Amino acid sequence: MKIKLFYFAKVREMVGIDQEEVDVESDIKTLAELIAFLKLRGSQWQAIFDMSSSFRMAINQELAEASCKINANDEVAFFPPITGG
Amino acid sequence: MKIKLFYFAKVREMVGIDQEEVDVESDIKTLAELIAFLKLRGSQWQAIFDMSSSFRMAINQELAEASCKINANDEVAFFPPITGG
Amino acid sequence: MIMSVYVQQDLFDLQSITQQLKKLHNSGASVTFEGYVRDFDLGDDKLEMLELEHYPGMTEKALLNIESLAMNRWHLDDVYIVHRYGKLKVGEPIVGIVVFAKHRKEAFDACHFIIDFLKTDAPFWKKEITNHQSYWVDAKKIDDGKWN
Amino acid sequence: MIMSVYVQQDLFDLQSITQQLKKLHNSGASVTFEGYVRDFDLGDDKLEMLELEHYPGMTEKALLNIESLAMNRWHLDDVYIVHRYGKLKVGEPIVGIVVFAKHRKEAFDACHFIIDFLKTDAPFWKKEITNHQSYWVDAKKIDDGKWN
Chain A
1 MKIKLFYFAK VREMVGIDQE EVDVESDIKT LAELIAFLKL RGSQWQAIFD
51 MSSSFRMAIN QELAEASCKI NANDEVAFFP PITGG
Chain B
1 MKIKLFYFAK VREMVGIDQE EVDVESDIKT LAELIAFLKL RGSQWQAIFD
51 MSSSFRMAIN QELAEASCKI NANDEVAFFP PITGG
Chain C
1 MIMSVYVQQD LFDLQSITQQ LKKLHNSGAS VTFEGYVRDF DLGDDKLEML
51 ELEHYPGMTE KALLNIESLA MNRWHLDDVY IVHRYGKLKV GEPIVGIVVF
101 AKHRKEAFDA CHFIIDFLKT DAPFWKKEIT NHQSYWVDAK KIDDGKWN
Chain D
1 MIMSVYVQQD LFDLQSITQQ LKKLHNSGAS VTFEGYVRDF DLGDDKLEML
51 ELEHYPGMTE KALLNIESLA MNRWHLDDVY IVHRYGKLKV GEPIVGIVVF
101 AKHRKEAFDA CHFIIDFLKT DAPFWKKEIT NHQSYWVDAK KIDDGKWN
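Protein chains in written order, with the numbering used here: chain A, 1 to 85; chain B, 1 to 85; chain C, 1 to 148; chain D, 1 to 148.
Treat each hint with caution, since some may be false.
Heads up, simulated DSS-like pairs for lysine-lysine below, C-alpha to C-alpha not over 30 Å straight-line [unchecked claim]:
{"#": "1", "chain 1": "B", "residue 1": "Lys29", "chain 2": "B", "residue 2": "Lys2"}
{"#": "2", "chain 1": "C", "residue 1": "Lys46", "chain 2": "D", "residue 2": "Lys23"}
{"#": "3", "chain 1": "D", "residue 1": "Lys127", "chain 2": "D", "residue 2": "Lys46"}
{"#": "4", "chain 1": "D", "residue 1": "Lys105", "chain 2": "C", "residue 2": "Lys46"}
{"#": "5", "chain 1": "C", "residue 1": "Lys22", "chain 2": "D", "residue 2": "Lys127"}
{"#": "6", "chain 1": "B", "residue 1": "Lys4", "chain 2": "B", "residue 2": "Lys69"}
{"#": "7", "chain 1": "D", "residue 1": "Lys61", "chain 2": "A", "residue 2": "Lys4"}
In short, the hints are calculated from the structure, not lab data.
What you are looking at is a predicted structure, and each value in this text was computed from that prediction instead of being measured.
Construct the complete structure from the given sequences, taking the supplied hints into account.
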C-alpha cells in the first residue's frame, strides 16, 4: 500500500529529503511497524528513530502515537518536538 | 482644625456639593467621628452615612476605614463603591 | 522598569502604544487588555452612553500603586495603563492595559491582576444614560458580570 | 461565533485586526497576546535572525482545533490567531492572538490557554541564526523559559 511521508526541521535535514512516497507491505499496520521498516534503510535512519525524545509523528496532519494504525494513502510526518509560538 | 471634604458620583448628588472646607473641633480624631459630625447636618446626610454599603472613604487620596485617624489639612473624600474599568 | 498611567477623555490607540513600547525592550511577550462599553437593551431601555466620573489625583495615585504592586510581584519590562472618563459611547474602549515581560505567563498574570485590582481600587464611577433615563451603576451589578 | 487562523510570512498588525473585529461584536473585553523574537548574546554568539519552518496544512488544522477547544470551553465572541513562518528578525512579532468575550476572565483564560496549547500542538520549528552559526532550538530550551 502507498503512503506519503513528510519530514520537517532537524529530522528533514538528517534524512536529507522533505517528502517521498513509499509502497509498503500490507502487514505494516501501525506507525511502529512503519518505523521498523524505515530503520532498515541504514544507520542515519536508525539514529533518528532510536532517540524517542527527538521526534514526533502525525498521521493525516494530526499528532499520533507509535501504536496508531496506518492505512493506504495516509500522509505520515516525522518531525522534532514543536518549538513554535 | 481645617479639613477638605470631597464628594463624588451618587454621594455628590445626594449631598448637593462636590467639595467644601470644614473647621472641626480637635476632638474629632477619626473618620467615624467626622461622619458623626456630618450626620448632624440633617436627614439627607444621615441617610447617606447610615447605609454603610453605599459609600467608601479616602484620606489624602488613599482608601480608608472608619477607624482611620484624620489630621489638620487632610483631604477626606466620600464616594460610592467603585465601578470603573 | 517603566511605569506610566494616563487618565483622559480622549480615545486611545493601544497598538501604537504597544509598538512604541516594544522598541524599548527585549521582551518575549506582551499581553494587552481592553475593556469596552457594552450595549444592552432591556425592553424599551436602550443604553446610549456611559458617563464616567473619577477622582482626579487619587485616580493617578491608585493606578501607579497598582502598577507598583504588579512590578514587585512579577518580572516585567513595562506596564502601561490608560483609563478614560467623561462621556463614552456604546462600543468605545474604557480602559487599556499593556504589559511587557520576558515570559508570557508573567505578562498574563500581571495584566489580569491589574484589571481586577483597578476595578476595586481606582476611583471611577459609571453612570448609564439610556434613551429614557440615567442612573449610577451599582457595584453589585458589576460583580454579577453585567460589565466586563 | 467566528474563528480565523492565518499562517503567513508577512508582519501583522494586531490592533487594526482588533479594531475591525470589535465592530462585529458587543464584547466587554478583548485580550491580546503577542510573542516576539527575543535578542540574546552569549559571549560572541549574537542572535541575528530566527527561521521558522512549519507543516503547511497541519498548521492551519492544529490552530483551528485549538480555537475550537477554546470556543467549547469558554463563552467567547471571537478568536483570531496569526502565526508567522520564514525568516524573522530580532524584535519582530512571531505570533498574535486576539480573544473577544463578554467578560474579562474568559478572555484572559482563553487567550492564555491558546498560546500554551499552540506551543505544544502547532507544528512550528525554530532555527536560530547567530553571527557565527545556525541551529535548531530544543523544546527543552523553551521549557526552561529562554523563549516567551
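Hint by hint, here is what the structure shows:
no.	hint	verdict
1	B/Lys29 <-> B/Lys2	holds, 12 Å
2	C/Lys46 <-> D/Lys23	holds, 18 Å
3	D/Lys127 <-> D/Lys46	holds, 14 Å
4	D/Lys105 <-> C/Lys46	holds, 26 Å
5	C/Lys22 <-> D/Lys127	holds, 23 Å
6	B/Lys4 <-> B/Lys69	holds, 15 Å
7	D/Lys61 <-> A/Lys4	holds, 18 Å
Checked against the numbered hints above, the structure breaks none of them.
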